[in-house]
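Trainee: As a plain string of letters, each chain reads:
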Amino acid sequence: MRARELAREALASAWAQKLPTFVVVLLSAAMCLTTLMTVGRTAAANDAVQAALTGAGSRTLTIVDISPDGVIPAEVVDLTAGLSGVEHVMARTMAADAVNAAIGAGGTKIPTWAVHGNLDDVVILTSGRWPGPDEAVVADAAREVVGLDGPVGALDLATSSRQLAVVGTYQALAAYPDLASGALTPAGTSDQLRRLDVVATSSALARGTQSAVLAMISAPDPTKLTVTSPVTLAELQEQIAGDLTAFGASLLVLVLSAGAGLTALVVLADVLVRRKDLGRRRALGASRTAIIALVTTRTALPAALGALLGTGIGYVTALRAGVAPPVTFAAGTALLALLAATVAAVGPALLAAYRDPVTVLRTP
Amino acid sequence: MLEVRELAFSYRKGSAELFDGLTHSFAPGATTAVTGRSGRGKSTLLYVLGLMLRPTRGDVLIDGRGVGRRDDQSRSRVRSNDIGFVFQDAALDPTRTILDAVVEPALYAGARRRDVLPVARELLDRFGVGGRAGHLPGQISGGQAQRVAIARALVTSPTVVLADEPTGNLDRDNAETVLRALRDCATEGRTVVIATHDPFVLDHVDHVLAL
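Residue numbers (this note's numbering), protein chains in the order written: chain A, 1 to 364; chain B, 1 to 211.
Okay, chain A solo, but in the shape it has when bound (with noise of 0.2 angstroms):
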């Protein structure tokens, strides 16, 4: 039988069994609806889990030392950022309060650091330039607070008498949400470099990255120095993320056996009702196998609409509740309903299949 002529025959006979179909639609937009509803907010729970995973934020290490002649080498900061687990590196001075120079003393304070490191990689530029030597740039935030108009005037520092000029201001990444309220300065070969931000290329990395700078730093008495650590954090997201996979992974389970136990039930009753009709098409010359191929092709066709319908409308109202998962889930929800529901067929249509025509026909 031409595969045309099975879809066709497939469609008039799921359209002439209203009843049947009309369940296995139900049934098919049931499994994704539920699916979605509640497999798809795991879904996006995991997402959510997966983005704070990969986001810099989980995977900066962060080292301060706080003995009153350490110093973090220049040298230590340069080898580090060339590890190949490093995204980017900066460190930077303890905070020293400045004002505007033009203000003076009693001025509003804010916190200025000198920086050795790529500044793009911290804050991004909103107006001016990079600064150079006694140069600074204002965090957008900081501006007002220290009463500069814009992108100009000079900061003066409250520890010494270096005066800053102002180039440029910026606005600080999401990973250094401390920056967003102060200045920054390129670091000069005397200032001595107390913190170290170093983001690993992933969290997986953390760990060794940690182990890599510390062994750098080699600090004479290690009990000074205080580390922040995105390790213990990343294996925590971790197992959520594992947690909520492995649950998730079993309610779909769960909800497409269901479905697809329910559907198997209805294409048996349907088939059992209809033996009749499948032993005639055995008398009149359809092969076993075109018999097998029509029962699912007939069950296929309802729950293709039917996880259509149930994933656009769980889509929809999980949108909605604003916890939608993945667009590819959606899809790979209906693809997998549609694959329960056909594979649920299989066991009644081979009872079709394989019952005796003779007997079928010659039972009243």
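Derived from the structure by calculation, the hints contain no laboratory data.
Example chain A residues on the side facing chain B (calculated, C-beta under 8 angstroms, incomplete):
no.: 1; residue: Met1
no.: 2; residue: Glu5
no.: 3; residue: Ala12
no.: 4; residue: Ala16
no.: 5; residue: Asp277
no.: 6; residue: Arg280
no.: 7; residue: Ala283
no.: 8; residue: Leu284
no.: 9; residue: Ser287
no.: 10; residue: Arg288
no.: 11; residue: Val358
Heads up, the beta-carbon is just placed ideally off N, CA and C, and yes, glycines get one too.
Place chain B on chain A using the hints.
Mentor: Relative to chain A, chain B alone:
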């Protein structure tokens, strides 16, 4: 030419065999009635000839080829191409039109629907039910339904037409029309075998095989 050689069949292993090693040639271009008392296996013989039942012993031959003992796939292929079936109750799908019913066996034989439609319409016209092509089986009479069933049996141009009590549910006028249609099939060179217990049918066939 349809033949059976040393044919025997039993529904269950160890139960009584039917046909007792029957050897018979059904003449092409003629109608043969298979008759006998109830339980002698008239319909069963038809189902064996139609390759829906596999003989326990012996074989069914079409044009000299042994086909009765082949596997199911092969017998289905032969059935869809070489054999036309007419059932006692016409056995038309109540949800499909008359035209769809006639086209159906050709689809199982691998034909395209659009290629078969003209043949199906021609057959319906020939048996006087062309005007009912778009009707459902419930909208035509029993005699018309049986003529549709004969048209359906001929749509693949089979060499053998098997009819199981085709006049069982019909009045004499309709029975005569159906028998005439079956005789027309035979005059085209086909082998027509009719299982019946109706003496009226015996008067209208060329040969009788008593079981």
